[in-house]
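Given chain A, put chain B in place with the hints provided.
These are the residues of each chain, in order.
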Amino acid sequence: MRILINSACVIALATTFLTPAIAAEKVTIATDATFPPFESIDSDGKLIGFDIELMEAICKEAELDCNIIGAAWDGMFPSLIEGKYDALISQLTVTDKRRQVVAFSDIYDHPTFRFAAKKGAGITISPEGVSGKIIAVQTGTPMDAYVTAHLPTATIKRYDSGSAPFLDLANGRADLVLGYQAQIVHSFLQKDDGKDFELTGPEMTGKDAKEFGEGVAIAIGKKNTKLVEDVNRGLAKVRDNGTLKTLMTKYFGE
Amino acid sequence: MNWNVIAENAPLYLAGTKLTLLLAFTSLAASFLLALPLAFLRNSAHPGIRYSVSTYTLLFRGTPLLVQLFLIYFGLAQFGLIRETFIWPWLSSPLVCVLLTFILNTTAYSTEIFAGALRSIPVGELEAARAYGLSRFKQATRILVPAMLTRSLPLYGNEMIMMLHATSLASTVTLMETTGVARRITLDNYIQFEPYVTAAGIYLTITFVIVSAFQIVQRRFAGYLEPRST
Chain A
1 MRILINSACV
11 IALATTFLTP
21 AIAAEKVTIA
31 TDATFPPFES
41 IDSDGKLIGF
51 DIELMEAICK
61 EAELDCNIIG
71 AAWDGMFPSL
81 IEGKYDALIS
91 QLTVTDKRRQ
101 VVAFSDIYDH
111 PTFRFAAKKG
121 AGITISPEGV
131 SGKIIAVQTG
141 TPMDAYVTAH
151 LPTATIKRYD
161 SGSAPFLDLA
171 NGRADLVLGY
181 QAQIVHSFLQ
191 KDDGKDFELT
201 GPEMTGKDAK
211 EFGEGVAIAI
221 GKKNTKLVED
231 VNRGLAKVRD
241 NGTLKTLMTK
251 YFGE
Chain B
1 MNWNVIAENA
11 PLYLAGTKLT
21 LLLAFTSLAA
31 SFLLALPLAF
41 LRNSAHPGIR
51 YSVSTYTLLF
61 RGTPLLVQLF
71 LIYFGLAQFG
81 LIRETFIWPW
91 LSSPLVCVLL
101 TFILNTTAYS
111 TEIFAGALRS
121 IPVGELEAAR
131 AYGLSRFKQA
141 TRILVPAMLT
151 RSLPLYGNEM
161 IMMLHATSLA
171 STVTLMETTG
181 VARRITLDNY
191 IQFEPYVTAA
201 GIYLTITFVI
211 VSAFQIVQRR
221 FAGYLEPRST
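From first to last, the protein sequence lines stand for chains A and B. Count the first sequence with our numbering and you get residues 1 to 254, in order. Count the second sequence with our numbering and you get residues 1 to 230, in order.
Pulled out of the complex, with its shape left as it was, chain B reads as follows:
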């Protein structure tokens, strides 16, 4: 065992962990904001709107994230035309490509989670809102969104963890997040166990924090959905 190498490279791991957190939380925050309206559109009465959203979620849930990342990072760059447009300065940055891919991907999953929860809200809750004379906007913000979110909590917590772990793909396009750091140490020192175990420990710690936070939120906001023992 060669743990000295890990200790010597602690600053690299620190930088890698910061990047992992940045990637995960930026993607999750952006996708949360996007998925809320998309979940309503996904259940729209208008078939055109409904099907365009479901086509998008099918595309991004139906293909591997790594393939999406390579298509956006390397694939788009292949077209000379794109390289001459105003978007190229953005697309030439690996960080932008990675965030764009992650946001598109996790928004697709979150949209389906939220949309599913929306469909499972008992009609009675909506009827009660109508009976009180709430406007359609108020029905959405006061009744539907909170009910949808509380019902999505367990699944959405899972999606957050999956997204955190998916950030490990960013190193394939040169962003040195936690996994990238582990791989670099592997390649420089010809050891595999120590660098990857350290990376695993870092992911486990972050996951533990997310899971604990979710349990608190779940108890606070979704407690009323739990079966009650009297």
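With the rest of the complex left out, here is chain A:
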């Protein structure tokens, strides 16, 4: 009898503790919130931006219970590979090198990359033109890869966050910043700090240099094929029902 009661208790306990764990399949998605207008933190500490709203819409359509969290850029990919996060959304460009270590959803945007410089600085974007100039970029980004490979004559300053390069451009420590055009325009040029600065050099995409990748997508753990499918399903719906377009217009006026 006692054994029976004991085992009944064990089963009861097991069901209480195990059931919610199985039901709540929370998907943890990390973002580097130093990258307005794509992802940043507002004054209340809430994550905001294009990528955040897009991810929320995808999760809703795919019926995923998502938890989007801010994370430090330098730990994001390793933590995804180790399984601490299930996915990353942070304007991540799809490159061969990244494909070796993570899986990607379908591509949701094709960003344009530009340089920003002081108005009338007259810097030609070429190995000769940038010789001796200081270019500020975020470490480990396509921008970093591009200037490292194509403009080695410049002094390249690498920063941990997406916003710090603009601080040093604004105060004169750097001559050029390479960034996403939308990032430069909406989070710098339109602000007070950026009023003396302008876009410069050619508009570049993945077609111009392989460092800029095929487009941007959501990165997902390599073994997690189910999540890739779910996210792609959600993304397709978001595209079809016009949410993606609405978000583009809201953030970039395109």
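Treat the hints loosely; a few may be bogus.
Stated by the list, open to error - Only some residues are given here: those of chain A computed to face chain B with a beta carbon under 7 Å:
(1) Cys66
(2) Asn67
(3) Gly70
(4) Ala72
(5) Val101
(6) Asn171
(7) Asp175
As the list claims (entries may be wrong) - Across the chosen pairs, the derived CB separations fall in these ranges:
(8) A:Ser126 to B:Leu155: 35 to 41 Å
(9) A:Thr155 to B:Glu127: 55 to 61 Å
(10) B:Phe193 to A:Asp96: 19 to 25 Å
(11) A:Ser43 to B:Pro146: 55 to 61 Å
These aren't lab readings, by the way, just hints derived from the structure by calculation. Because the structure is a prediction, the values reported are computed rather than measured. Using N, Cα and C, we set each Cβ at its ideal position, and we do this for glycine too.
Positioned in the frame of chain A, the structure of chain B alone reads:
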């Protein structure tokens, strides 16, 4: 494990280690020279002098080094006025900002270490110096400074090690010292263990050299303070 990446980036680590050593030893050398007189001023009979030094050490010991670095590097740059003065060409250099912050910070700690040691010198040693008719300057250079330094050795050795490790913050303002190199390799290759373990090994080696040097110095100069077994 992907140790090939580390081997390929050995030149980066070498450059990073050089910068780490430059930052640590420049800061320590400058702060040593500054802290010696400041330790005396910290114990000055004049309250105005005493309190200005203790306010400085409180400010720099009471705030995190990273916050100080960001205030000096990014914070000061925010003021257009400063950018127009003659100091801007200096402040615009990350190396100058980092060294300035490190020196101000470690001088505050060293000053307190030395000042504390100064207070712990037995009165008898000073009385003996007076009895020999030494001038106040000679009392300081011949008796007080050596006695203060030997008594500070264990604590000061610690401060040197802390300063060495604190140089890892320099990469947050674009100086690629050892930690910055490790972070860059992490970001380029999506591995974390190998780059940081290599960085840890480099710090450990430098620390080991400092600790060994201190043990030798301690035995040579502070041996008389050790309890003696007869």
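Verification of the hints:
A cut of 7 Å between beta carbons decides the hint on Cys66 of chain A: the least distance to chain B is about 23 Å, and the hint is violated. For Asn67 of chain A, the interface hint is violated, since its Cβ never comes within 7 Å of a Cβ in chain B; the closest pair sits about 23 Å apart. At about 17 Å, the closest approach between the beta carbon of Gly70 of chain A and any beta carbon in chain B exceeds 7 Å, and the interface hint on this residue is violated. This hint is violated: Ala72 of chain A has a C-beta 10 Å from the nearest C-beta of chain B, more than the 7 Å allowed.
With 7 Å as the threshold, the beta carbon of Val101 of chain A comes within range of chain B, its nearest partner Cβ sitting at about 5 Å, so the hint holds. About 4 Å separates the beta-carbon of Asn171 of chain A from the nearest beta-carbon of chain B, less than 7 Å, and the hint is met. The interface hint given for Asp175 of chain A is violated, since its Cβ lies 12 Å from the closest Cβ of chain B, which is over the 7 Å cut-off. Here the CB-CB span from Ser126 of chain A to Leu155 of chain B is close to 55 Å, at odds with the stated 35 to 41 Å.
Range check, Thr155 of chain A to Glu127 of chain B: Cβ separation about 60 Å, and the 55 to 61 Å hint holds. At about 23 Å, the CB distance of Phe193 of chain B to Asp96 of chain A agrees with the hint of 19 to 25 Å. Distance hint for Ser43 of chain A and Pro146 of chain B: a CB-CB separation of about 56 Å, consistent with the stated range 55 to 61 Å.
Hints 1, 2, 3, 4, 7 and 8 from the list above are not met by this structure, while the remaining hints are.
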